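Asker: Now for the letters of each chain:
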Amino acid sequence: MFKTALANLRAHKARMLLSSITVLLGVGFVAGTLIFTASIKESFFDSFARQAKNVDAAVTPAGGLQVSSIENQQDKKTVNPAALDAVRNLPDVASAEGRVLGPAPVLDKTGKVVKENGNTGVGVAFPTDAKLGYFDLSSGHAPTATGEIAMDQATAEDRHFALGDAVTVIDHGDQPESFHLVGIFDTSTDKTYAGETVVGFDTPTALRVTGSAGYDQIAVRAKSGVSQDHLVTELKDLPVLDGSGDTFYTGAQLTTELASKATGYTSGFGTFLLVFAIIAALVSALVIQNTFQILVAQRARELALLRCVGATRRQVFGSTLIEAFVFGALASAAGFFAGIGLSMGLSALLNAAGLNMPTDHLVIDPSAALYSIGLGLLLTVGSAVLPARAATRVAPVQALSAQLGETRVTRKAGRVRVGIGLLLALAGIAVGYAGMQTQDRSRGFMVLTLGAMVTFIGVLALGPVIASPVIRVLGWLPGKAFGPTARLATANAGRNPRRVAATTAALTIGITLVTMFTVVTASIKASATDSIKEHFPFDYQVVSEPDRSVPADTVAKLKALPELGTVAAEYDGKITLNGSSERAGAIDAAGYHTLINPIMKQGSISDVVPGTVALQDSQLTSLHTAIGQTVTATGPNGGPALTLKVVASYQDSGIGMPETTISVADFQHLDPSQGPDTVSVLAESGVTLAASRAAIEAAVADDPLLTVNSVADYKNQLNTSLNQILAMFTAMLGLAILIALIGIANTLSLSVLERTRESALLRALGLTRAQLRRMLMVEAMLMAVLGVSLGIVMGGGFGWALVHLVAKATGVGSLAIPYAQLLIYVLAGALAGVLAAVVPARRAARQTVATAITEA
Amino acid sequence: MSAITRTFREGSESASSGYAVLARDLVKTYGSGATAVRALDGVTVGFGQGEFTAIMGPSGSGKSTLMHCLAGLDTATAGSVQIGGVELTKLNDKALTLLRRRRIGFIFQSFNLLPTLTAEQNILLPLDLAGLKPPKQWWDQVIGVLDLGGRLKHRPGELSGGQQQRVACARALMSRPEVVFADEPTGNLDSRSGAEVLAFLRMSVHELGQTVVMVTHDTTAACAADRVVFLADGIMRGDVASPTPDSVTAQLRMIRPDRVAAGE
Ligand SMILES: Nc1ncnc2c1ncn2[C@@H]1O[C@H](COP(=O)(O)OP(=O)(O)OP(=O)(O)O)[C@@H](O)[C@H]1O
Ligand SMILES: [Mg+2]
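Here the protein sequences line up with chains A and B, keeping their order.
Just so you know, we're using the numbering used here here: the first sequence kicks off at 1 and counts up by one.
Just so you know, we're using the numbering used here here: the second sequence kicks off at 1001 and counts up by one.
These are calculated hints, taken from the structure and not from any lab test.
Remember, it's a predicted structure, so these values are computed and weren't measured experimentally.
Backbone N, C-alpha and C fix where the C-beta goes; we use that ideal spot for every residue, glycine too.
Just so you know, not all the hints are guaranteed correct.
To be verified - The calculated lysine-lysine pairs, modelled on BS3-like cross-linking and capped at a C-alpha distance of 27 Å, are: (1) B/Lys1094 / A/Lys480; (2) A/Lys236 / A/Lys131; (3) A/Lys77 / A/Lys115; (4) B/Lys1136 / A/Lys480; (5) A/Lys574 / A/Lys601; (6) A/Lys261 / A/Lys53; (7) B/Lys1133 / A/Lys480; (8) B/Lys1133 / B/Lys1094; (9) B/Lys1153 / A/Lys480; (10) A/Lys525 / A/Lys808; (11) A/Lys236 / A/Lys53; (12) A/Lys715 / A/Lys112.
Unchecked claim - Which chain B residues stay away from chain A? Per the calculated CB distances, all over 12 Å, these: (13) Val1027; (14) Asp1147; (15) Ala1199.
Just chain A, same shape as in the assembly (with noise of 0.2 Å):
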């Protein structure tokens, strides 16, 4: 049976060849994922382990270890700064250096601040023992003196600084200071930095620039003959750095941590794309069992014959997963080779996306090889197994009778067919529905997210039996446009509704989720601008960088302009409520009613005056207090503690609304080292908004760190953002599609040569061979229409479902259906579907009439 099934394989190699790329496409994204995974986790490990280089021992503050500037700045610990001489004058070590890390926004030559991704510069404490240094200086020297800087070669070649220049970095105080640039440094494969402005400096310079207390590590070299542990003992025993929690790393110690940091910053990325390696594969296992089923349906008179010359039905189903298994080894194989090109492709699309990944290692795995290849075993010869039990099933009478697979019209789905999948897709939208009444979220999400997918296999289920209306329906409009053409092509497209369900089924996995998330994003667009325009009706903001504040003269500044009406400064910081930490929020009293407007539940906003406070709704159960009652508020460094009275409470509408309200005078009591992040402003009305911009930006151009936002910025920066992310899940779901795509040009390819007869006939009857082709076109056409439909129709129905759910939780967000974008996609997919039938229909075009007329 074993030669038989290779036979089989080797005699039907043209059609198992679209397959098997399915097959191909499938693991392949499931092997590049794993070592696209690992190849990052590698480049990152390398950037970060620059970090251990030279290092015998680390002492870092109580938060641990900080490895790059995308960790959070806020509320940041450091060791005493005062340690590092102490360290230093130990007798075993050769040399310690104090590492800084912290913001230093950098002003290009016309004055403008310097960002990267949004993100202004961060700057670096340069050593003096160059050992323990993690940069490589391209030109130039290290920054040694007060004066001196060096810069990042990215920066410098895009802003056009050379060395001698002088630079100016924002200090702490928000001050300018002039430096001269004295080196260049490389951080081209080091992604630690995410692409961020880097700068360097001598220690103490290091420290002042960026306002840090103390350090973020220091980093120890021993002198030789020391072992790691003993000086690691040694630091432990300094009094300078006991009591504050400081940790210790031996230098090996480092590079474990560092090690299992990136594998920290890789592993859920992974998972983020295994997920849809995974659907892929899913896709392409669809595509398969489809292929083996039209198969053994083509070969139903070779396989009677077969049993008539006495195989049993075991060896007709073992050779049909023999076949199955050979085909899956050599196409997973195939696949895996596939994947390491991809991973390099992977690195490329999401570069291009806009997330700086490191790129400098490919780190092959065989558990990758492994792990892919198994996955494309088991999901094609699992594919094989219905459609081997379908072989079994072929009677030997059958090979006098039979005629080819699809040239009989088959008969209608069974009936436990539909019944199964109507209670499943019933059951699965009582599920999705019960899920959207929880009050909890992330609970009715889950159960949100179980039922759409119990709705989702029902439906697939019902496939059959919807595709032959839906493909009429359909149908009609090229009916119309192509006459007889598209109406053969339309019977030809529902003749089979069971191969053309499974056939779409695997088009509409990948569409319904698309346009689930391009629903939930258009919805998050329109509901958000929507909020802000309800909630916090400002015409512009004036915004500070992180961890800076907007200066006290300039929001007296716009408070005296006579193009604005109202202007109010915003306060935003964490202080301490009855013990536990909260976000708090305060405002001008001038902006109440007019530039924020929160859900209230109990009171009024313009009730939070000095003495009391509004909180959010679920804020007075977790804090034990209710309106009238008080709470005990401490700031973030301690100090007087004030006794608060509750007075209003507000919907957690997700809105920005932060957990507390209070009055800026109580703001500034509690944290007086903070000022407003942000000014809220109304222009005066009557005044035009190219006026009103024009003298809110004269206003605040002397201050370099200050950022101007309309309504309308804000809504371009958030669309901006969403459509990225919106593509990226586009571009991941892709391959999905175009494994679907390959599945109707492979059933649309098994059909015509299964119709060699039949179209020889039409050809026979005056079909031309461009009608011919036009036919087929429209036939493949119509199946990736009515994949395309099922999917916009489920994937819309899921969105919404989502977007219910968070607009019932939250209080904000409202449907939005982009139904320009919905055409888009279905006329995307006919488009699609005309491509896939390309080379089936030139196949089917180039076959001479007479030969095929007389082939049996």
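Based on these hints, arrange chain B with the ligands on the given structure of chain A.
Answerer: Only chain B with the ligands this time, still in chain A's reference frame:
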């Protein structure tokens, strides 16, 4: 309607030679070199307008090949074919297709109908492709004669073999073609159904003025025709007018005595 009727007539008027189909020195070679098969080896034959002709000959003698070449389904290696005065060998694929659609009717031995279409849609297919409709009177006449009125909405799978062949006949005639080619149209039918089909073909020639060329192995079927031409090894080997079973059998015996005795 009048325009359509005019197009319908056009074919018959243009044939001035008196032959609906005329083949001269037709050669068809399959393959090349040592394995080349000369399926037609210089066939010259004409089929008169309003004539019912049968083509007979042993298996492999080239009957189907001749028919395919005459009908523009296949291109001859050499020689010429004219249908209604149009030289087929000079036409490209598209022109040939349009010619088949409008001027030629086909009936094959089996697999004549598209399984996805109803009987009615099958019958109308060639006209439909040309964007035409048959005159009502002609439609009624053909459907009535073939007794298909009750079966028009059925799919081929729901029809008997004889009914399927009658549907194929209706389709072949519906466009009032210059000529109808039938390759063993009764080969798969029992003698009664076969007789019905033959009677219809005869009637279509004698009462409706059609031209029919039919390939057959069956002496009885051949005798329904006005004339029988014989083919052996790709060469014309006889031409019998007003055939009788005796004259046909005698001719067959002459071209392949051994096989015919055993086979037919
Ligand atoms: N496509 C082809 N390629 C090669 N040889 C062919 C092809 N078609 C037909 N032949 C050969 O041409 C010769 C004539 O075949 P044809 O089918 O015309 O015979 P026929 O008279 O119709 O026979 P039958 O009565 O069996 O139908 C045969 O020898 C056949 O083998
Ligand atoms: Mg033949």
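Asker: Next, verify each hint and record whether it holds.
Answerer: Cross-check of the supplied hints:
Among the hinted pairs, B/Lys1094 with A/Lys480 is consistent with the structure: their alpha-carbon atoms are about 23 Å apart, no more than 27 Å. Proposed proximity of A/Lys236 and A/Lys131 is supported: the alpha carbons are some 23 Å apart, at most 27 Å. Taking the CA atoms of A/Lys77 and A/Lys115, the gap is near 26 Å; set against the 27 Å cutoff, the hint holds. As the CA atoms of B/Lys1136 and A/Lys480 are separated by approximately 23 Å, the hinted pair is consistent with the 27 Å bound.
For a cut-off of 27 Å, the pair hint linking A/Lys574 to A/Lys601 stands: about 23 Å separates their Cα positions. Distance restraint check for A/Lys261 and A/Lys53: the Cα-Cα separation of roughly 16 Å lies within the 27 Å cut-off, and the hinted pair is therefore satisfied. Between B/Lys1133 and A/Lys480 the alpha-carbon distance is near 16 Å, which keeps this suggested pair within the 27 Å criterion. With a CA separation close to 21 Å, the supplied pair B/Lys1133 and B/Lys1094 stays within the 27 Å bound.
Note on B/Lys1153 and A/Lys480: the hinted pairing holds, with a Cα-Cα distance of about 22 Å set against a maximum of 27 Å. For the hint pairing A/Lys525 with A/Lys808, the CA-to-CA distance comes to about 17 Å; that is within 27 Å, so the pair holds. Distance check on the hinted pair: A/Lys236 and A/Lys53 sit about 21 Å apart at the alpha-carbon level, within 27 Å; holds. A hinted pair counts as satisfied when its Cα atoms are at most 27 Å apart, and A/Lys715 with A/Lys112 qualifies at roughly 23 Å.
For B/Val1027, the condition that its CB be more than 12 Å from all CB atoms of chain A holds, with the nearest at approximately 15 Å. Non-interface status of B/Asp1147 relative to chain A is upheld: no Cβ of that chain comes within 12 Å, the nearest being about 23 Å off. For B/Ala1199, the requirement that its beta carbon stay farther than 12 Å from each beta carbon of chain A is met, with the minimum near 24 Å.
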